[in-house]
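The listed protein sequences correspond, in order, to chains E and F.
Going by this note's numbering, the first sequence opens with residue 1, and the numbers climb by one from there.
Going by this note's numbering, the second sequence opens with residue 1, and the numbers climb by one from there.
Keep in mind the hints are simulated off the structure, nothing from the lab.
Even glycine gets a Cβ: it sits at the ideal position worked out from N, Cα and C.
Hints are not guaranteed to be accurate.
Quick look at which bits of chain E chain F covers, simulated, 3 or more residues with Cβ under 8 Å [what the hints assert, rightly or not]:
hint, segment
1, 7-18
2, 92-105
3, 150-157
4, 168-177
5, 202-214
Straight line, CA to CA, 30 Å or less: simulated DSSO-like cross-link-like pairs of lysine-lysine [to be verified]:
hint, chain 1, residue 1, chain 2, residue 2
6, E, 29, F, 81
7, E, 30, F, 81
8, F, 9, E, 214
9, F, 81, F, 41
10, E, 132, E, 29
11, E, 47, E, 214
12, E, 30, E, 163
13, E, 219, F, 41
14, F, 20, E, 125
15, F, 57, E, 205
16, F, 20, E, 244
17, E, 125, E, 33
18, F, 7, E, 214
19, E, 47, E, 29
20, E, 244, E, 49
These are the residues of each chain, in order.
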Amino acid sequence: MSTGVLLYCSNTPTYDYHRIAERCVELIKKNLKLEITIVTDAKTFKKFKPLGMINYKLIEPELGNKRNGEQWNQLERAYAYEHSPYDTTILMDCDYFCYTDNLLTYTNIDNDFLIHDKIHDLTGKGAYDFRKDSIIPMLWATVIVFKKTDRAKRIFDMVKYIKQHYQYFCKLYRISFPNFRNDYAFSMAMNQVNGNTQQTFLPGKIPTLPALAKILEVKDTGIVFEYDNKINEIENQDVHLISKEIFNV
Amino acid sequence: MTVGELKQKADLSYDISVAKNNALERSESRQIIAHNEHLFKADAQTICLVKTLSEHKDIFFVLDTNNNPCEIKDPAEFLNKLIERNQETLNAYSQIHETFKRR
C-alpha cells in the first residue's frame, strides 16, 4: 500500500507559488518522509529548483477563476483522485506547512475520505466564521486524506459535477461566495454524496494565519509573524499560510 | 498606575491569552492518535474510560473521534499509548506555559 502527498502548484501573475511549494516540500520530506507528487504546469515546472526525488505531473491549468480581483487557479483539485498515484493520498495546499508529523496519523485509519470541518485562527481574532455564508457548514479543503475507494471516487466525481454547475449549487446552498472555491465545492459534494447527513471529519482544527498577519520569517521550526503591531511566533505546529507576500521577495 | 501602563498590561494579558490558546491547540492536535485503524484523542476522558473498562473486561468497545465503534483487544497497550501521548503533549505545553510566567 503506497502513501504519498499530492500538491497542486501553479504560478499566477501575482504570486510565485513554486517558491511556496519548494518550502512545503522541504517540510514534508523532513517531517512526513513521504513520497511527493506535484501537479503543475510547464511554465511553473521550469522555475522549480532541484528538489530531489519528486514526481511531477504536468497539466494545462484552467484559467478564469479570480479572488479579490486576482487570478486564482486551484481549479484542478477535483481531479486529484485521477492524478494521485498513491493508494492513500494526503492532498494538501502547497501553503500548508507541516512542522509536525501529525498528518501521518490520518493515513493509518480505515476512513477513506477525511477533511477538516474546523479551523483555528492563530491571531486569536476568529476571522473564519463563515457559518452565515451558506446553509451547510463549511469544510476546509486545505488538507484532504483519501484512499482509492468507490466512495472517495464518488465524492471527487461529485466535485467535478458541482464545478460544472457551480452557480446553480451556490444558489441551492445559498453560498454567497461567487467564484469557484474548493472549500465550498467539497462541502457541497460531501453533503450530496452522504445524502444531506452528517459526515465524518478529521479531528482537530487547521491552524491558520489569516491574510492580515504579515509573515516576517519562515524558519525551519515555525513561523514569525506580525499582527496588530505585535511580533508573534508559532513553533512545531502545522500552519496554513494565507499571506504569500514573503515568498515574492 | 497610568492609563498607558494599564493598556500595556491589558495588551500583555491579551497576547498571553492568544499564545495560550495556540499552545493548547497545538497540544490538542498532537493528542490525536491512530489505534486499530481508528482515531482517538489522548485526553483525560479517553484515558479514564479505557482505564475503567480495562479493569472490568479484557476486550471491550469504545467509540472513536467519529463515533465509530472500535474493539479494543489490547487494553494495556492502548492505555499505555494514550498516556504516553497525553503526557508528551502536556509536557510540551508546560514548557510553553513557563514562558508565559516570565512575560
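* To do: Decide if the proposed pair is consistent with the structure: residue 244(E) and residue 49(E), CA atoms, cutoff 30 Å inclusive.
  => holds (19 Å)
* Asked: Is the hinted pair residue 47(E) and residue 214(E) satisfied, with a Cα-Cα distance of at most 30 Å?
  -> holds (25 Å)
* For the pair we were handed, residue 125(E) and residue 33(E), check the Cα-Cα distance against 30 Å. => violated (33 Å)
* To do: With a C-beta cutoff of 8 Å, work out whether three or more residues of the segment 168-177 of chain E approach chain F closely enough for the coverage to hold.
  => violated (count 0)
* Straight-line alpha-carbon gap residue 30(E) to residue 81(F), limit 30 Å -> holds (24 Å)
* Sort out whether residue 125(E) lies within 30 Å of residue 20(F), counting only the CA atoms. => Given that 30 Å is the threshold and the Cα spacing comes to 14 Å, the pair holds.
* **Assertion that chain F covers the segment 202-214 of chain E - criterion: three or more residues, beta-carbon distance below 8 Å** => holds (count 4)
* Starting from residue 9(F), check that the Cα of residue 214(E) is at most 30 Å away, please. => holds (24 Å)
* Hey, residue 219(E) versus residue 41(F), does the alpha-carbon distance stay inside 30 Å? -> Given pair residue 219(E), residue 41(F) holds - Cα atoms ~29 Å apart, limit 30 Å.
* Is residue 47(E) within 30 Å of residue 29(E), Cα to Cα? -> Holds. Residue 47(E) to residue 29(E) sits at ~20 Å (cutoff 30 Å).
* Asked: When you check the alpha-carbon spacing of residue 30(E) and residue 163(E), does it fall within 30 Å?
  -> violated (35 Å)
* To do: Go check the segment 92-105 of chain E versus chain F for me, would you? Three or more residues, Cβ under 8 Å, otherwise it fails.
  => Coverage by chain F holds for the segment 92-105 of chain E (3 residues, Cβ < 8 Å).
In the structure shown, a violation is registered for the earlier hints numbered 1, 3, 4, 10, 12, 15, 17, in ascending order.
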